[in-house]
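Could you put the whole structure together from the sequences, leaning on the hints where they help?
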Amino acid sequence: MGKKRFKSQRCLNCGAEFSVKPELASFCPACGQENHDLNIPLRHLLAEAVETVFHFDTKSIRTLQALVLKPGLLTSEFIRGRRARYVTPIRLYIFISFLFFLLLSFSSGRTVERAEVEADRTATGGFSITFYGINSN
Amino acid sequence: MVFVLMPFFGYLVYLFHRKQHHRFIGTLVFSLHFHSFAFLALTLLLLLGRVPFLAPVTILAPIVLAIYLFICLRSVYGQSRISTLFKTIIIGGLHVVSVALLFLLTAFASVVAF
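First to last, the protein sequences are chains A and B.
Reading the first sequence from the start, the letters are residues 354 to 490 in my numbering.
Reading the second sequence from the start, the letters are residues 26 to 139 in my numbering.
Please keep in mind that the hints were generated in silico from the structure rather than gathered at the bench.
A portion of the hints provided could be inaccurate.
[Said to hold, decoys possible] Here are some, though not all, of the chain A residues that point toward chain B, as calculated from beta-carbon distances under 7 Å:
no.	residue
1	Ser429
2	Phe453
3	Leu455
Think of the CB as a built atom: it goes at the ideal place given N, C-alpha and C, for glycine as much as any other residue.
The following block contains the structure:
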């Protein structure tokens, strides 16, 4: 988890003194600014940007694993309040459905609308197949 | 239609669990997670279905989703197998019907508009 941060004992934004050790103060309790000095060499910032991507990656891999291998765990965790370790539900939903419609419209040259019709048809087990011809033109 | 009716599915789950003092926000998140899995599974199945000899694999979609819904309901709300099975069938069935109805409605609307 260890993100490398350049921390100080005093908030750089509002000047509030932290009551805990700098290593434990990730955010200022008074104004909310992250306890992280950005006035550092650019290569450190670039390294940090790469790290952010990988940090997100472990989070999304953990979320995907739970989604596929442990049905219901993500919802239980959300209800219990353990949210920060997983991808936000709405972001997960929008990202996956975006991927789905994108892949589907690419894979067969269909429009997104046709792709959605096909998705409905598959998801409902052909229930709507009887209405299929109505708006085909 | 599946995309649009996602919150409605959450409301259906809420209707069947509000007596156990579960909030709508929880069932809405339940719906988000369920549909995330649904779209993921559909992506994989439809891509697999493009392989000529694997085409019938898409028939599995409703079965996979029904089983997943059952396990989710049981894991999150922890009710008996019989009760969960009953709720899976009712919630899943109502959702399929609502998707089909909305589909029919939009198809009808587009014919009228044409």
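Comparing the hints with the structure gives:
no. : hint   : in the structure
1   : Ser429 : holds, 5 Å
2   : Phe453 : holds, 4 Å
3   : Leu455 : violated, 10 Å
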